[in-house]
Amino acid sequence: MPQFFSNKRLILLLVGVIFLVALISFSLRDRQNASLPEQIIKDTVGFGQSLVSKPAHYITGIFNNVDALLNTYDENKRLKSRLEEFAVLQGEVNDLKIENDKLRAIIDKKEDLKKFNPIQATVIARNPDQWEEKLILDQGTMDGIKVNMAVRTSEGLIGKIVQTTPYTSEVELLTTNNPNYRVSAVVANKKQVFGLIEGFDGKRNELILKRIDSSLKVKKGDKVMTSGLGGIFPKGILIGEVTKVTTDDYGLTKLAYVKPAANFSMLDHVIIAKRESINIDGSDGNSTNNDETNKTTTNTTGDGE
Amino acid sequence: MMARFLIPLVAVVLFFLETEFALFSPIEWNGELVYLVPRFLILYLIFLSIYYNRKRAMLYGLIFGLLYDIFYIDIIGLYSFLYPFICFIAGSTVKYIHQHLFVTTTLSLLLVALLEIILHQFFLIISFTTIPFSEFLNQRLIPTMIANSIFLIMLGWTFRYLIQARVLQKANQSIL
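Protein sequences, first through last, are from chains A and B. Residue numbering for the first sequence is 1 to 305, as defined by our numbering. Residue numbering for the second sequence is 1 to 176, as defined by our numbering.
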């Protein structure tokens, strides 16, 4: 066995390891806010990444188009059968919209939890090691993105913004393991049933809707939307569909499994929903204990909605 | 002249390509989600460390590890330690193994498996994940190894060709 480490090297290695452990613990403590050098590096890498991602998206787009072309016949048949249904629905929706506007005008209510300003963004990267479910978008604070905004695709909610730099922003997906990640949701039944999306079941690949009042009825196939009551997300973004209802561990409330409406792989274009009515600092962590009257440095930890 | 700039350029391209390929994952396979983690860059660095220069490979590992940490993970010091560490092990084996392409490929894949296992243990410790080892093995490690081995079988010889071109060039320069 040859001498693997000389004394000098061993000391260097030990110092290095200590330094790294210190760095890791330092950066683990405050992951929500990027320091200035971090921001600069993130923006630079993000710029390079967006250059690479454009041709990549173009190529995957071609493959998707070919795929879509092959399915055209079946899809067309299916869609035709639903077209008439849709026309009736469209009329009904228009009617309701007009009526809603009129009624709002009568009671002079301008604020609407549903309203939001959409900001289009392109996904430039996904955390390649996938231990955390994260996306990186090509829009940042310069485009008006703030922490805690809802992120959706045309299909449904996918996550929320957790960190921003001037030209990029980071999205934590709904499928995260983070136990502090909550979204207040409503089951669109005849009667509205409120609950919280808390956690993701990796085995079933479904979200878990917790804290549903056990006296209210939720059944398989019900649609789940954001309720807007968390104070951050706009109301009425589709989350998914109930697939199974059980009682929770303590038997006090109901628990439902929700199959997400959005497809979490192959995300490319997303919409960031900036809600128009007042946002509240919706973090339940340290910041709720802060003194809000004397403006101290409140940092949004971004936990929960 | 080309090989000199090509070596870092390939590393940069692989760094960016990793995340583009990550967008395809997770894939549904037999009703289960499997995660494919692209590890192109570290495979390339392992090759660099075996065929070219251990120190240079470790330096690249440190730089790209740091970028990786800041851009994706937000935990500085994780990849910037692991990448050079893996390169160090790879470079140290040169004396003991035969540098046949097949042997290097197998070794690189083993080292990537080691990297994945260390990462899993680390994230388990800081409770970013709760999945036990058996699930990790089926959901992540095996599919990741299969995907990366396909990548390496396709491109491993190109890496070696490129690196050897650079080594040859350097040798010529020293003669002149």
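Where hints are given, some of them may not hold.
Unchecked claim - In silico DSS-like pairs for lysine-lysine, Cα to Cα no more than 30 Å straight-line: (1) A:K77 to A:K8; (2) A:K109 to A:K223; (3) A:K115 to B:K95; (4) B:K95 to A:K8.
Claimed, not checked - Derived list of chain A stretches under chain B, where covered just means 3 residues or more per stretch with a C-beta under 8 Å from a C-beta of chain B: (5) 24-33; (6) 49-63; (7) 84-92; (8) 128-141.
The hints are simulated quantities; they were obtained by calculation from the structure and are not laboratory data. Beta carbons: idealized from backbone N, C-alpha and C, even for Gly.
Exercise for review: Mind checking the alpha carbons of A:K109 and A:K223 for me, to see if they're no more than 30 Å apart?
Suggested key: Status holds; Cα separation ~27 Å.
Practice item. Between the segment 128-141 of chain A and chain B, see if three or more residues pass the 8 Å beta-carbon test, and mark the coverage as holds or violated. Key: holds (count 7)
Practice item. State whether the coverage of the segment 84-92 of chain A by chain B holds or is violated, taking the criterion as 3 or more residues with Cβ-Cβ distances under 8 Å. Key: Since 0 is below three, the answer is violated.
Exercise for review: Mind checking the alpha carbons of B:K95 and A:K8 for me, to see if they're no more than 30 Å apart?
Suggested key: holds (22 Å)
Check your understanding: Counting residues of the segment 24-33 of chain A with a beta carbon closer than 8 Å to any beta carbon of chain B, are there 3 or more?
Key -> That given contact holds, which follows from 5 residues of the segment 24-33 of chain A lying within Cβ reach (below 8 Å) of chain B.
Review point. Holds or violated: are the alpha carbons of A:K77 and A:K8 at most 30 Å from each other?
Key: violated (74 Å)
Point to revise | Coverage assertion for the segment 49-63 of chain A with respect to chain B, Cβ distance below 8 Å, three residues required | key: With 5 residues closer than 8 Å to chain B, the segment 49-63 of chain A meets the three-residue bar; holds.
Exercise for review: Take a quick look at whether A:K115 and B:K95 sit within 30 Å of each other, Cα to Cα.
Suggested key: Violated, at roughly 66 Å.
Checked against the numbered hints listed earlier, the structure breaks hints 1, 3, 7; every other hint is satisfied.
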